[in-house]
Amino acid sequence: MIEIKQLSKKYKGTDIFSVSDLDLCISEKDIFGLLGPNGAGKTTLISLLCSLIKPTSGSFVINGLTYKKNKNQLKQLIGIVPQEYALYPTLTAFENLMYFGSMYGLKGNKLKLKIKAALQTLGLSQFSNKKINTFSGGMKRRINLIASILHNPKVLFLDEPTVGVDVQSKNVIINYLKELNEKGTTIIYTSHHLNEAEAFCTKVAIIDHGRIITQGPPKSLISDQKNANNLEDVFLALTGHALRDHA
Amino acid sequence: MRKLLASTYKEFLLLTRDIGGIAILFIMPLVLIVTITIIQDSTFKSVSETKIPILLVDNDKGSVSETIIKGLKESNIFEVIKIAIEEDAKNLVFKGKNQLAIVIPENLSSDLEKKINQNVEGILDRFGLDEDEVENQPKEIFTAKEVKLYFDPATQFSFKNSVKNEVDKMISKIETQSIYNAFQKQITDDPSEIVFETENFISFKEILPKNKDENIIPNSVQHNVPAWTLFAIFFIIVPLSINIVKEKSQGTFVRLRTNPVSYLTVLGGKTVIYLIVCLIQFVLMLLIGIYLFPAIGLPTLNVSGKFSLLFLVAIFAGLAAIGLGLLLGTIAKTQEQSAPFGATFVVILAALGGVWVPVFIMPEFMQTLSKISPMNWGLNAFYDVFLRNSSLLEIVPEITLLFLFFIITTLIAIVYNEKKNAV
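Protein chains in written order, with the UniProt record's numbering: chain A, 1 to 247; chain B, 1 to 423.
The shape of chain B in the complex, shown without the other chains (with noise of 0.2 Å):
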């Protein structure tokens, strides 16, 4: 136990010692949390405050083009800049000045109308009920119309989609509202008389989990503060790392091979050390997210009664994060082995763990990897005790796989050095 505690108070030593050092530990992932909270935050915002520059060319000048140029206008997502000619939105578009432009074909609204007044007074023919009848009147063909969307090259395929869904729900109405519109003009003169009740009869309503008959509205902060504080606690494993291997390049650890400690005993000393730090990392993430977020216009995080069980999960991820560090600074024998990979396998576990990308929208393979990866295992913990307001027994399988992968890698690192250094 002595010679735990003269490890822990050595590794102390050493990090204090080193001002750079502990500043990048701290301030880096507070830097990281802030700034992708704020950029999350404005992709949620976008959707009702920054509005998207949008060119639009209508070569309609119809009703439709009117009821597209409403719809968007009205959608708050895009501010609509109507150019003349479709080559120069194109090349705007095309270099990157602009993000998407929407081209609306001539005589859109005019053959629209007349296709569909023609397919109504098809159907009421059918059932003799129309008052024009044309025995053998010969069809008029009409050929598709395409609505064209120009995007940037380098816009991203999730916002490609989500404007072409946009235009597409838009138009299904026109065409739906045009086809309500033959009918009633088929069925009656008096304009003002409602044949048909258009309005939606299928609506969607989200139902929130609650907490003491509160809605638990997730925002960019709770999710982002749970995801990123995960991937600042990982990043441990590369100062962890680096730290093992500068004791076998610098020879103390050749020194401590021929005293009598345990192997255990110096990676004991480690944990204790680098656990506090992750737990003093944590803890200055959720004041951020408490104290700066509110006062630089982002939501206040929300740990009311739920901050005993978000230390739980901070010490077991910060074990399992130490644990990947004691092994790789015991494989790796130079810092241009250990930071690089570490560096690089946090960024992969984050991946699988469904920091970046939610893991339900993962292919298959992706999905069952995630499952083994202890950052996945985290940040459900931290999310079930965020989001899904649940208790100590839900959080208990996710601790446990974090603790058990704690034991392993640093089993692992025992028996390596173990064998490597056997006599």
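Looking at chain A on its own, in the form it has when it is part of the complex (with noise of 0.2 Å):
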């Protein structure tokens, strides 16, 4: 499905590689956890994927495509929701969803029935209409969600879907993450939060330094690692215990 070749990413200005040489496999319909300490490179190895930044070296193909290649298709084929919000705040919940449906060649009835059976899923019914400068973080990571499978995504990438929120608006978040994935889409995703990842994914890699360090299922993870309790354990014992402040 995604197929990484010694992909490589150093930004201008820097000495150091922020994806370095990374070779990985992601298959069709897993949830695919990218985890590491700030500055591992997990954002960045989102960003090469979803064409938002130019690789310095390697090679990806997404089900097949390049985005040198096949560049609209590979966008209609993956969807992203990014760290930031990345709505219009003094538009509504409705509105902001019908334009971002509309850019994916949406329209009409079919784009408002699945916008409004979204915003049912997600608890958001009652706020179609609100502004979303008006809503709490929760209630705009979950529109921020909307807006990125609306057009039915085969691959998902999900940048800290569930910073800032509380649980239950998390709990929602992760059941419906699991609701795509089970009709079909492919999920990737990076948190900091180690106990929802062991819940959630079905693989995952821990990256520092760019580099991948270990992968596979969770549970296959902390069996491997000696005096590993949870992930949380073999993340620690994996990436140490120091701190990972840099500007």
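No wet-lab data here; the hints were simulated from the structure. Be careful, since some hints might not be right.
Said to hold, decoys possible - Covered stretches of chain B (chain A as the covering partner; in silico rule of three or more C-beta atoms under 8 Å from a C-beta of chain A):
1) 1-13
2) 255-263
Stated by the list, open to error - A few chain B positions that, by computed beta-carbon distances, are all more than 12 Å from chain A:
3) ASP18
4) LEU32
5) LYS95
6) PHE127
7) GLN250
What the hints assert, rightly or not - Partial list, derived from the structure: chain A residues whose beta carbon lies under 10 Å from chain B:
8) SER47
9) ILE53
10) LYS71
11) GLN76
12) ALA86
13) THR90
14) GLY138
15) PHE157
All C-beta atoms, glycine included, are put in the ideal place defined by N, C-alpha and C.
Starting from the two chains in their separate frames, assemble the complex, guided by the hints.
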């Protein structure tokens, strides 16, 4: 489904690679978690896969397609939920979703029904005509998610989709993502919530310094690591306890 | 096409949700045009209505000073206030209490008369016509007289020049008249006998362009409305560039970049809405000129038979301004970059375009620069229609340049965006 070969990214003005010679295969219908400390290269990897930034070297294919040859096809195939809200604050939830849906070529009643159904599932029906700048963080996260799935993407990239939301919103989002996955959407997501990833992901990869340290189903990783009771133990054992502050 | 319509509708919603922004977009240009026109019109009117107080120190108290005072009064520009001491007048002017003081030197009339008489006698003597010929009479030597002018240091150069010209003209006239008088006295003893025709032989007459046998008389409104309308239209680059930078900072551009939609479509939506804004601004300004100006004592803006051409110029001027806004918004990274740069750049373009100072009086280098200013093309097109009674064919070069400017700036914006985000 997604095949990444020797992918590297070095930003201008830096000496270090944010993603370095990374090889990875993600199968169809996986819920794949990209885990790692701050600055490990998770967001850079997602940005590369969504064509938001240019790789320094290496390549990848998604469903056999590349951005160089099949840009529009690929864009129609994927969805991205960015870490920032990426919504127009002065437009209502419905207006935002109508606009972003129409950018995928969706229109008319079909689009309206899709929006209504998604708002219903994520508990936002009664806020459909409220402006985004009146929403809480959790509500914005849910609208941010809906804006990315209206066109039924085959692959959905999510960059920290549950950051800064309450437990209730988080549960609604995770359940909705599971539902999407059951319907055939491959999910690739980054998170700092290791318990959430352990329960949610079918596979995870732990990234540090732009490289994959380990990957596999969460349960296998836990059993393979000495004295590890959960994914957090595995994570700390592999990435260390040192702070990763950087500017 | 559907994506373009959706983008246009989104821009419409974004714009209409910002009521304060809309008010500024539409009201401020109207306030600007009313303020500027009132000020400009009062400058025109000052020639006939408002009088500038002028201090006059008359140390001569003779026929010349009388003629100068009479001339100043008759000019209808100045109100003459007599002051006895030169030092007082100087202090008042240099402290900014008055703009100007004129000091007429002592014995100006008598010395001028004596000097002219001496010259005239000398001339007549050479021709052997002087009846009171006195051989070898020593000539009296006269030192040149100075009429002193004191200006408030804050006085503008153009005002200084016009006053100097006016005084110079009066003095020349007095000198000429005195020469004629001296000859008259020498030639005839009868003061009622007219020896010389002293009326000006050369005069000038301004020939105005005509529209259906009617003279097109330019006034402050006909000059100001096109210039400041264009200025306001170009100010659209500030909100437009901020709109684009905002999309980048709030993350919606990131989302759009992952969507199957071209940058051209995104910019197209903005172009349509902001062009409509420009045209509404333009129509409002015309309405102000037609209906509000006469109500507040300003000349009426005459657009009869010209509206369609004016509207056409406004469309292309609006497009040129939008192209610049799209480019600035694409390149700028923050609102702190786009807003001050946009505002300052519009002022520079206006200056180059001849909105404040006519292009023909600019230095040669600036005149050349002016030729590549879109505001100059727009202003010329507006003046062609408003003041020169031009046809569509005659404004084609200017509107073509404006359109090309829009195409080129938009293309640069698209290419820049593609290059920056190429994968």
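Verification of the hints:
{"no.": "1", "hint": "1-13", "result": "holds (count 7)"}
{"no.": "2", "hint": "255-263", "result": "holds (count 7)"}
{"no.": "3", "hint": "ASP18", "result": "violated, 7 Å"}
{"no.": "4", "hint": "LEU32", "result": "holds, 27 Å"}
{"no.": "5", "hint": "LYS95", "result": "holds, 54 Å"}
{"no.": "6", "hint": "PHE127", "result": "holds, 92 Å"}
{"no.": "7", "hint": "GLN250", "result": "violated, 7 Å"}
{"no.": "8", "hint": "SER47", "result": "holds, 9 Å"}
{"no.": "9", "hint": "ILE53", "result": "holds, 7 Å"}
{"no.": "10", "hint": "LYS71", "result": "holds, 8 Å"}
{"no.": "11", "hint": "GLN76", "result": "holds, 5 Å"}
{"no.": "12", "hint": "ALA86", "result": "holds, 4 Å"}
{"no.": "13", "hint": "THR90", "result": "holds, 4 Å"}
{"no.": "14", "hint": "GLY138", "result": "violated, 17 Å"}
{"no.": "15", "hint": "PHE157", "result": "holds, 9 Å"}
The earlier numbered hints that this structure contradicts are 3, 7 and 14.
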